[in-house]
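**Student:** Working from the sequences, and respecting the hints, build out all of it.
Position 216 of the sequence shown, counting from 1, maps to 279 under the numbering used here, and the rest follow consecutively.
Bear in mind the hints are in silico, worked out from the structure with no lab data behind them.
Just so it is clear, the structure is predicted and the values come from calculations on it, not from any experiment.
Keep in mind that the hints are not guaranteed to be accurate.
Said to hold, decoys possible - In the EDC-like style, the derived pairs of lysine to aspartate or glutamate whose C-alpha atoms are separated by at most 20 Å in a straight line are:
| hint | residue 1 | residue 2 |
| --- | --- | --- |
| 1 | K380 | E441 |
| 2 | K491 | D348 |
| 3 | K467 | D378 |
| 4 | K231 | D256 |
| 5 | K85 | E362 |
| 6 | K411 | E478 |
| 7 | K491 | E200 |
| 8 | K168 | E200 |
| 9 | K396 | E245 |
| 10 | K491 | E273 |
| 11 | K467 | D444 |
| 12 | K65 | D133 |
| 13 | K175 | D258 |
| 14 | K411 | E454 |
| 15 | K411 | D370 |
| 16 | K412 | E362 |
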Amino acid sequence: MKITVVALGKIGLPLAVQFARKGHTVIGADVNEATVKQVNDGIEPFPGEADLAQYLVEVVNDGKLTATTDITGAVAQSDAVVVVVPLFVDEKGNPDFNQMDVATKAIGNGIKPGTLISYETTLPVGTTRTRFAPAIEKISGLKAGIDFHLVFSPERVFTGRVFADLRKYPKLVGGINPASGERGVKFYEDVLDFDVRPDLERLNGVWDLESCEAAELAKLAETTYRDVNIALANQFALFAESNGIDVQKVIDASNSQPFSHIHRPGIAVGGHCIPVYPRFYIWNDPTATVVSAARNANETMPARVVDTLVRIHGDLKGQRVVVLGAAYRGGVKEMAFSGVFPTVSSLKKSGAIVFVHDPMFSDKELANYGFDGYHYGESVDAAIVQTDHAEYQGLTSAQIPGIKTLLDGRSVTNENNWQGLRYHVLGKPL
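**Tutor:** Take a look at the structure:
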């Protein structure tokens with residue numbers, strides 16, 4: 064089978080490699096010429112994805128994976144097309160379909176009868192059927208569900224462990240009609256392998272949800288649930304701090320109850336999933352007051368954490384403060400919607416002189432985001448742990464001379480390494 068994967072980002076490229084490792088001929092299509100060149104040279108464009116560098120070299124050398132900027136030309140050669148173009152929201156929280164529409168137009172210009180198109184990009188409910196199906200039909204002159212097959216199949220993986228997650232989690236598929244659903248199921252059974260999961264109520268593998276709307280909602284439900292859960296944990300943490308309660312002990316006790324799971328509190332969760340996808344749901348369902356309240360609560364956490372720093376450290380005007388971690392998640396070189404941006408903004412509004420440290424980013428890369436880089440050994444007055452990088456678990460006060468206050472917003476540091484100064488973990492009693 065010949066497959067085109069549209070967009071070679073942190074999900075798209077591992078998918079393309081996975082398909083190629085299953086013996087299929089894969090074309091990776093991306094508008095970024097530098098990315099295309101790196102892939103064709105067998106060079107990993109971004110670090111941090113387990114096994115990707117090794118697997119990429121193997122499939123490129125075997126001739127199973129090539130890359131191109133010509134989406135239409137790639138689609139014209141393919142039996143199946145998988146779309147992983149990112150979808151963001153604008154300043155009002157509405158989906159910005161521009162990049163997706165451009166990619167869909169290119170696909171429509173190249174598609175031939177019998178092709179399967181699978182959108183894996185997380186979408187608002189109804190988008191596959193009401194936006195992309197008509198667009199492809201208009202451009203190609205073909206009928207969705209009759210002349211070509213169309214499904215939505217959400218990615219359910221975390222960057223850094225994509226290959227493992229592809230095996231671990233059931234692959235959800237929803238077609239625009241039963242024939243498309245059947246074709247989608249067959250496709251993913253051909254390109255994926257699955258771990259044995261005795262904990263699941265049904266066999267791990269490809270699950271047909273019988274409509275693209277059901278598959279779209281399934282992904283939004285997963286991410287929105289997490290956002291609401293995190294907001295709840297964060298509000299527990301803020302309340303506990305002010306009332307002399309250790310919130311982590313409360314959460315651990317609550318999670319011992321069957322069917323109960325409360326996330327750990329934290330400054331903010333970034334990436335494309337948590338900050339963006341609940342907005343897709345709200346766009347579909349503006350009456351979703353619980354979801355809106357949770358999203359707003361999580362967006363205020365960086366400012367609330369800076370307020371906590373002021374309470375334990377004092378006035379920040381003229382104080383040198385380092386934010387430890389720019390990435391949205393530990394071990395991932397990605398700042399998309401990271402809490403570092405509002406945290407730095409709130410610190411500056413408080414009059415602090417702000418620096419940012421992240422072991423995965425160079426000074427130049429940090430400067431491109433408007434941050435002044437920090438190096439161990441430089442004197443500061445206070446620090447906030449923003450990202451749960453493994454490196455910060457062993458961090459000591461000796462590495463940050465002059466520090467008087469450490470506020471750990473991700474509960475990753477060791478209190479024994481911070482004796483003799485003000486040390487606070489979010490959710491602990493103040």
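**Student:** Sort out which numbered hints this structure fails and list those numbers smallest first.
**Tutor:** Numbers 2, 5, 6, 7, 9, 10, 13 and 14 - these are the hints that the structure violates, sorted from lowest upward.
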